[in-house]
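Top to bottom, those sequences are chains Z and U. Taking the working numbering, the leading residue of the first sequence gets 1, the next gets one more, and so forth. Taking the working numbering, the leading residue of the second sequence gets 1, the next gets one more, and so forth.
Hints are supplied without guarantee of correctness; some may be wrong.
Straight-line alpha carbon distances no greater than 30 Å define the calculated DSSO-like cross-link-like pairs of lysine-lysine that follow [said to hold, decoys possible]: (1) Lys-13(U) with Lys-56(Z); (2) Lys-70(Z) with Lys-56(Z); (3) Lys-30(U) with Lys-26(Z); (4) Lys-69(Z) with Lys-26(Z); (5) Lys-69(Z) with Lys-56(Z); (6) Lys-70(Z) with Lys-26(Z).
These are computed hints drawn from the structure, not numbers from a lab.
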Amino acid sequence: SQQGEEDPQALSIQEGENATMNCSYKTSINNLQWYRQNSGRGLVHLILIRSNEREKHSGRLRVTLDTSKKSSSLLITASRAADTASYFCATDGETSGSRLTFGEGTQLTVNP
Amino acid sequence: DAGVTQSPTHLIKTRGQHVTLRCSPISGHKSVSWYQQVLGQGPQFIFQYYEKEERGRGNFPDRFSARQFPNYSSELNVNALLLGDSALYLCASSFQEPYYEQYFGPGTRLTVT
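Same shape as in the complex, but just chain Z (with noise of 0.2 Å):
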């Protein structure tokens, strides 16, 4: 089963505007990262933020984790037509070593 699940799974938006992703997770976890695949490729790591960290820019994204809640959001800011891809997060967890768990994805659609 999927320890972490996005949300939305789909979004679709105009460029200039702000893209918001969640990721909800159930078990205690060390790191959780953001990755971005375009097109069945390859995944292009994006950002990674600690448990004991509540948030993490870096250029146009904003990463929160609020692990209480169980639950980090990504944020692009000013999206782009080239931020369209799927974005998923990725958490290891304390019992279960660096192995990643990831999500089902959040497909974006950034159109110009």
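Model the placement of chain U on the given structure of chain Z, informed by the hints.
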């Protein structure tokens, strides 16, 4: 710096055959993990190796095996291929375990007919 590399890019096999997929980690990375991604789903963990030792195995049958070499590159072997093994196979490397980012290669697209 070169990222994670995988070969081949694409592969077509028939049921019952055997396949070997290869992965070279980022220079300096000692941990390699393998994932299977079926179309429309998130990647599923298969194996993790660190310093040439198996550190984790996912819920995959014994037809799947892997190893890591002294130069930290890795092979994933799948025997007696089934149609359901058709997927994108992803390799990821990290500096060490745990607490480090995992970087993925472009994947090998395996089609079993």
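Comparing the hints with the structure gives:
no.: 1; hint: Lys-13(U) with Lys-56(Z); verdict: violated (44 Å)
no.: 2; hint: Lys-70(Z) with Lys-56(Z); verdict: holds (16 Å)
no.: 3; hint: Lys-30(U) with Lys-26(Z); verdict: holds (29 Å)
no.: 4; hint: Lys-69(Z) with Lys-26(Z); verdict: holds (9 Å)
no.: 5; hint: Lys-69(Z) with Lys-56(Z); verdict: holds (17 Å)
no.: 6; hint: Lys-70(Z) with Lys-26(Z); verdict: holds (7 Å)
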